Amino acid sequence: MGCMSTPIEAGYSVLGWNRPGFGESSGHPGTVSEINSIDAVMRYAIEELHFLVDDIVIFAWSIGG
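Sequential numbering of the sequence shown, starting at 1029, is according to our numbering.
Don't read these hints as lab results, they were simulated from the structure.
Keep in mind the model is a prediction, meaning the values are calculated, not measured.
Do not rely on the hints blindly, as some may be mistaken.
Stated by the list, open to error - Label pairs and their calculated CB-CB ranges:
#, residue 1, residue 2, range
1, Glu1037, Leu1077, 18 to 28 Å
2, His1078, Trp1045, 15 to 25 Å
3, Trp1045, Asp1082, 18 to 28 Å
4, Thr1059, Glu1037, 28 to 38 Å
5, Phe1087, Ser1053, 17 to 27 Å
6, Trp1045, Asp1083, 12 to 22 Å
7, Asp1067, Val1042, 13 to 23 Å
8, Glu1037, Val1060, 17 to 27 Å
9, Phe1087, Gly1049, 13 to 23 Å
10, Gly1039, Val1060, 32 to 42 Å
11, Val1060, Ala1038, 27 to 37 Å
12, Asn1064, Val1042, 20 to 30 Å
13, Gly1039, Ile1074, 12 to 22 Å
14, Asp1083, His1056, 24 to 34 Å
For every residue, glycine included, the Cβ atom is placed at its ideal position computed from N, Cα and C.
Throw the hints in and build the complete structure from the sequences for me.
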């Protein structure tokens, strides 16, 4: 999908998630839930997928406006 295909085509691993309260995600949108979800994704990438911290890039875009 658009923005996701560019890094994949360049050979990067891509890990995506829905923000709390959006799409099929549970929870409610807000600063604390956003921080907690980013922390969970980063921990998963480092601890489960064994990504090196120095190799992680956060790539984001807005679909709203």
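Item to complete: Output the numbers, in ascending order, of every earlier hint that fails for this structure.
Response: Result: hint 8 breaks, nothing else.
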